[in-house]
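With the hints as extra help, turn the sequences into a complete structure.
Heads up: the protein sequence lines correspond to chains A and B, in order. Under the numbering used here, think of the first position of the first sequence as 1, with each following residue one higher. Under the numbering used here, think of the first position of the second sequence as 87, with each following residue one higher.
Since the hints were made in silico from the structure, they are not lab data. Hints may contain errors.
As the list claims (entries may be wrong) - Calculated Cβ distances over 10 Å to all of chain B for the following chain A residues: (1) E15; (2) I41; (3) G42; (4) F46; (5) E49; (6) L51; (7) A53; (8) E54; (9) P55.
Claimed, not checked - Per the computed footprint, the stretches of chain B lying under chain A, defined by three or more beta-carbons under 8 Å from a beta-carbon of chain A, are: (10) 149 to 155; (11) 210 to 224; (12) 293 to 304.
As the list claims (entries may be wrong) - Derived contacts from chain B toward chain A, CB cut-off under 8 Å, selection only: (13) M88; (14) V90; (15) L100; (16) K102; (17) K243.
Ideal placement from N, C-alpha and C gives every residue a C-beta, glycine not left out.
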Amino acid sequence: MHELSVALEVCRMTEVRVGAAGAGAVRAVGLEVGDDAGVEIGNLQFCLEALLAEPPFAGARPVILRRSGDVLRLAYLEVDDGCPDD
Amino acid sequence: MMAVRTIEVRERVLAKNDELAAQVRARLAAARVPAINLMSSPGAGKTTLLERTLTDLAADLSLAVVTGDVQTHNDADRLARHTDRLVQAVVTNGACHLDARQILTALDAIDLASTDLVFIENVGNLVCPASWDLGENTRVVLFSITEGEDKPVKYPKMFQQADTVVLTKLDLLPHVPFRLDQAMACLRRVNPYLDVISTSALTPDGVRPWYDFVRAEARPKSPR
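Right, here's the structure in full:
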């Protein structure tokens with residue numbers, strides 16, 4: 001039921017991390033979610049998709065990694081590094 | 087196209103809440119004031135138990151209350167009729183739980199020096215409040231006998247993290263098909279270490295064991 005709170009916090013953490021790293025646009029947000037984390041996966045996915053579709057995240061995609069236990073952790077961010085890849 | 091790189095984070099999503107909960111805990115510890123986080127499903131009797139507690143223990147203890155509701159100040163208004171102190175109302179505007187930031191803000195308005203114990207009445211919900219540390223010392227879950235006996239196994243996280251369970255509405259036992267032995271077995275299955283207190287807030291002596299518990303939890307009063 002608190003998936004929107006979790007998703008908002010994930011977005012806040014993402015902004016902090018991206019700012020600290022001086023990175024460009026966020027491509028993907030990887031989140032580890034345990035079976036006992038008290039979070040409904042489909043609902044969280046929906047909330048993250050909705051929030052990450054808006055600025056400053058436009059285009060980022062949530063990647064939810066199922067885990068055992070009650071872990072609920074921002075695992076990684078995929079970001080543009082500001083350099084052309086060719 | 088830009089090259090993509092991966093930033094490894096591995097940070098708990100609720101880390102910020104836990105940091106704020108630690109601030110709550112530190113502030114309460116400095117004032118030597120314990121806090122009890124009351125949780126339950128909606129309608130289990132949190133507000134009714136607090137109404138009686140505030141009235142009956144007013145002569146012995148100075149009790150502060152922070153009460154959370156998704157909408158309305160109804161609980162705060164009810165409780166205000168039973169205490170001289172200002173009841174801290176938190177309207178969560180849709181959120182299904184209280185968080186540590188709300189408690190930290192509420193503490194700003196509470197005179198801890200003249201407080202023996204803080205009650206935090208959480209939003210009625212057996213799922214989400216279990217995930218949010220509020221900086222409390224003790225987690226109490228109310229379990230009313232008008233709910234099913236199997237609530238502890240249906241909502242295990244809430245009961246696993248509880249320190250004490252308060253069974254409520256025991257006066258209704260003759261009128262509802264609730265099997266106390268089954269409920270106790272369900273509780274023991276998810277948490278063998280739980281203390282269980284039986285109460286009936288509508289009968290004169292039905293809350294005495296709860297009062298003993300509250301008195302034991304409260305900060306011993308300094309000599310006056």
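For each hint, the structure was consulted:
no., hint, in the structure
1, E15, "holds, 12 Å"
2, I41, "holds, 14 Å"
3, G42, "holds, 15 Å"
4, F46, "holds, 16 Å"
5, E49, "holds, 17 Å"
6, L51, "holds, 13 Å"
7, A53, "holds, 19 Å"
8, E54, "holds, 19 Å"
9, P55, "holds, 18 Å"
10, 149 to 155, "violated (count 0)"
11, 210 to 224, "holds (count 6)"
12, 293 to 304, "violated (count 0)"
13, M88, "holds, 4 Å"
14, V90, "holds, 5 Å"
15, L100, "holds, 7 Å"
16, K102, "holds, 7 Å"
17, K243, "holds, 6 Å"
In summary, the numbered hints that this structure violates are 10 and 12.
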